[in-house]
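Residue numbers (this note's numbering), protein chains in the order written: chain A, 14 to 425; chain P, 14 to 425.
Treat each hint with caution, since some may be false.
Since the list can't tell identical chains apart, any single copy or any two copies may satisfy a pair.
Once the Cα atoms are required to be at most 30 Å apart in a straight line, the calculated DSS-like pairs of lysine-lysine come out as [unchecked claim]:
hint	residue 1	residue 2
1	K262	K341
2	K238	K384
3	K80	K38
4	K383	K208
5	K208	K43
6	K383	K43
7	K340	K237
8	K124	K146
9	K403	K284
10	K80	K140
11	K43	K68
12	K80	K146
13	K68	K146
14	K146	K383
15	K284	K208
16	K238	K38
17	K68	K140
18	K38	K68
19	K252	K237
Just so you know, the hints here were simulated from the structure itself, not pulled from any lab data. All of these numbers come straight from a predicted model, not from anything done at the bench.
Number of protein chains: 2
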Amino acid sequence: MSVIVQKFGGTSVANAERIHMAAAKAVAAKNAGHQVAVVVSAMGHTTDELVDLAKQVWGSHGGQPPKREMDQLLATGEQVTIALIAMAIHAQGHEAISFTGNQIGLLTDDKHQKARIQQIDLHRMRKELDAGKIVIIAGFQGVTPDGDVTTLGRGGSNATLVAIGAVLHAEVCENYTDVDGIYTADPRIVTDARKIDRISYDEMMELSSVGASVLQTRAVEFAKKYNVPIHVRNSQHDKPGTWIVAENKAMEHIVVSGCALKKDLTRVALKGIPDRPGIVAQLFAAVGQANVVVDDIIQNVLDDGTANISFTVEHGDVADLKPVVDKKLVEFGGGTAMYETNLAKVSVVGVGMKQSTGVAAKMFGALADKKINIQNISTSEIRISCIVAKNDAETALKAVHAAFDLDKASQP
Amino acid sequence: MSVIVQKFGGTSVANAERIHMAAAKAVAAKNAGHQVAVVVSAMGHTTDELVDLAKQVWGSHGGQPPKREMDQLLATGEQVTIALIAMAIHAQGHEAISFTGNQIGLLTDDKHQKARIQQIDLHRMRKELDAGKIVIIAGFQGVTPDGDVTTLGRGGSNATLVAIGAVLHAEVCENYTDVDGIYTADPRIVTDARKIDRISYDEMMELSSVGASVLQTRAVEFAKKYNVPIHVRNSQHDKPGTWIVAENKAMEHIVVSGCALKKDLTRVALKGIPDRPGIVAQLFAAVGQANVVVDDIIQNVLDDGTANISFTVEHGDVADLKPVVDKKLVEFGGGTAMYETNLAKVSVVGVGMKQSTGVAAKMFGALADKKINIQNISTSEIRISCIVAKNDAETALKAVHAAFDLDKASQP
Numbered sequence: 014m015s016v017i018v019q020k021f022g023g024t025s026v027a028n029a030e031r032i033h034m035a036a037a038k039a040v041a042a043k044n045a046g047h048q049v050a051v052v053v054s055a056m057g058h059t060t061d062e063l064v065d066l067a068k069q070v071w072g073s074h075g076g077q078p079p080k081r082e083m084d085q086l087l088a089t090g091e092q093v094t095i096a097l098i099a100m101a102i103h104a105q106g107h108e109a110i111s112f113t114g115n116q117i118g119l120l121t122d123d124k125h126q127k128a129r130i131q132q133i134d135l136h137r138m139r140k141e142l143d144a145g146k147i148v149i150i151a152g153f154q155g156v157t158p159d160g161d162v163t164t165l166g167r168g169g170s171n172a173t174l175v176a177i178g179a180v181l182h183a184e185v186c187e188n189y190t191d192v193d194g195i196y197t198a199d200p201r202i203v204t205d206a207r208k209i210d211r212i213s214y215d216e217m218m219e220l221s222s223v224g225a226s227v228l229q230t231r232a233v234e235f236a237k238k239y240n241v242p243i244h245v246r247n248s249q250h251d252k253p254g255t256w257i258v259a260e261n262k263a264m265e266h267i268v269v270s271g272c273a274l275k276k277d278l279t280r281v282a283l284k285g286i287p288d289r290p291g292i293v294a295q296l297f298a299a300v301g302q303a304n305v306v307v308d309d310i311i312q313n314v315l316d317d318g319t320a321n322i323s324f325t326v327e328h329g330d331v332a333d334l335k336p337v338v339d340k341k342l343v344e345f346g347g348g349t350a351m352y353e354t355n356l357a358k359v360s361v362v363g364v365g366m367k368q369s370t371g372v373a374a375k376m377f378g379a380l381a382d383k384k385i386n387i388q389n390i391s392t393s394e395i396r397i398s399c400i401v402a403k404n405d406a407e408t409a410l411k412a413v414h415a416a417f418d419l420d421k422a423s424q425p
Numbered sequence: 014m015s016v017i018v019q020k021f022g023g024t025s026v027a028n029a030e031r032i033h034m035a036a037a038k039a040v041a042a043k044n045a046g047h048q049v050a051v052v053v054s055a056m057g058h059t060t061d062e063l064v065d066l067a068k069q070v071w072g073s074h075g076g077q078p079p080k081r082e083m084d085q086l087l088a089t090g091e092q093v094t095i096a097l098i099a100m101a102i103h104a105q106g107h108e109a110i111s112f113t114g115n116q117i118g119l120l121t122d123d124k125h126q127k128a129r130i131q132q133i134d135l136h137r138m139r140k141e142l143d144a145g146k147i148v149i150i151a152g153f154q155g156v157t158p159d160g161d162v163t164t165l166g167r168g169g170s171n172a173t174l175v176a177i178g179a180v181l182h183a184e185v186c187e188n189y190t191d192v193d194g195i196y197t198a199d200p201r202i203v204t205d206a207r208k209i210d211r212i213s214y215d216e217m218m219e220l221s222s223v224g225a226s227v228l229q230t231r232a233v234e235f236a237k238k239y240n241v242p243i244h245v246r247n248s249q250h251d252k253p254g255t256w257i258v259a260e261n262k263a264m265e266h267i268v269v270s271g272c273a274l275k276k277d278l279t280r281v282a283l284k285g286i287p288d289r290p291g292i293v294a295q296l297f298a299a300v301g302q303a304n305v306v307v308d309d310i311i312q313n314v315l316d317d318g319t320a321n322i323s324f325t326v327e328h329g330d331v332a333d334l335k336p337v338v339d340k341k342l343v344e345f346g347g348g349t350a351m352y353e354t355n356l357a358k359v360s361v362v363g364v365g366m367k368q369s370t371g372v373a374a375k376m377f378g379a380l381a382d383k384k385i386n387i388q389n390i391s392t393s394e395i396r397i398s399c400i401v402a403k404n405d406a407e408t409a410l411k412a413v414h415a416a417f418d419l420d421k422a423s424q425p
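So here's chain A without its partners, still in its complex pose (with noise of 0.2 Å):
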């Protein structure tokens, strides 16, 4: 029998009449004729009110709670949500069963607050879809072969509603949100943004990583992996959202499929390094320590042996990044670092480009026409950035959709 899995965010089991919603939408995919399991997240703002709770227990004690302690306690969200699921369905006259990250044993890492999905035992989750059981899942957590509680960090939900797909080999994942997919461009800066009917994982993924929010880039990699559809959707209606999918033929006629902005990003420029070997090598290592991900990275190398490196940072980052570089400087024993900040980056995605030519000379082009400045340009198969200032970020966007004809593209 085919197996779907639903997930659930926040906003979507927010209050008891959401998380009847939620239920319905299950017992709707049932009574289709499938096996059904849905993940879910904590309801609306648990997941801050425990955050908010530890705060007040630590108190002005430097640091950070036990990373251990904070996922025993954060883990509980899910395990609220996915009981008044349980119930929810049964009030409808549906059977369903709730399990915790450890009762399917979903197990990970120890890397607390940000673990890895190891495995997954499928035998009592099979065992009570066999039986004719909507079976409900505690997203975002799992347990260390100790039996610890971990959390998966950002976006966790969406990496346990793949990874449960992949393991029951699942006919689609969808992930219910409140919006109604995913959109050529933000449609809150462009309002004739159309939402996309079927995408690439690559596509997506190339989009998450410059600035989509709605799927994390993580979640994502994992679908491709397992070749799982995921069929991101709005809880609210029925309507069908955007699928998720592998890349086909189709698609090629697709040039560019979105756009995306990432605000407030910070270059960071350092001049005067010594042109060492291994020196870049040591400075991104630190950096990546202090969990900081950079992009758009140049390095020249000038005639009196010395290097200038210059990368790009989210504007957030730059609290956590300067000690490091700071440190680092001194023990290469030179070199300044400046901060430019207010910068942006636009971006363009498709499967097409891969065949096409002119892509890049249509955005720069785009970009000419309303006199934005380009700071800097990165690539990838299916990519174009731009780095511009963030005044001209949400113009460049909307020129960018409009060049490309994104509000009237037909899809594959």
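Starting from the structure of chain A, add chain P where the hints point.
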């Protein structure tokens, strides 16, 4: 090294400040050279709030939400507290680690909402205690061999306290509450009631069963079985409370240790029931299945081949009891039921009664002096109880307390 197990009830962990006070008690015991395990309840009104959430989801659907899912839901309350207490102890500079019922292998049967403890896996607790950590354990919850979360029912956290104390061979189980200990009578009624310093397990069980609400009969029974002393004390200060211990010679000199009152009793009088063998057993089996506790049973067989049976129940149970009784009377083919409300029971308890005479006479005399009519009498080896009108209840308790000089009796 000696082990102390402490338990903090809901009001003792109701907010961040109280949680730090509880943590400080654990740290003080650790600093005094003991290994320390701490059992905690859900914070303040958390359990009520979770029950309310379930009611909202269950709505006007008949019956009750599935018990397995209620347990899954309610167990989150204690899980929140254990994480916060562990954080508070870390903030106070000591190591602590929290465990759910599942994580310490606290196995129960599968009677959801009133599960019984069957086994506790010592391995993980021992390892952490020996590593110098304070071990924090979620009270009130366990897990079936299949991994389903269970709760232990009313007073379940005290059952956890005593069970943990038993397996760790604890020197004492400290039960922290918001009162100073066990009193010779309810101090809200009898103003000169005195805190009892030491009381035997049997006396405590009798007092609990006739109205003293600090500690459940079941937890004391378990403590007696494994000979673990319980120290009931106030979490707001460091003064000694009441020790509940094995009976000793000195206790025999105290004829009456305390008295208690149970209000809101209803007497059920069944008349004209066919006097056939097994009829009474069938009746009380059905009543027991409805989870109604009966007491003070009197049966008379009349010349006409019928029997009269009367017994008392708590008034709150009458709604559950009535349909059971009505059904049985139909099955029996005869008989009527009358319900007499507004009764109360006043009791005196003391191990010294076993060796002493005249206790009953003194009690009846004290009630007669106040012109209080005794409607029924029941006794055990160490207890005498009288049913009186609810209006006379508090006067009766005061009279009995005074007659036995409980305000000034010395303790063994």
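**Prompt:** Which hints from the list above does the structure break, by number from lowest to highest?
**Reply:** 1, 2, 6, 7, 14, 15
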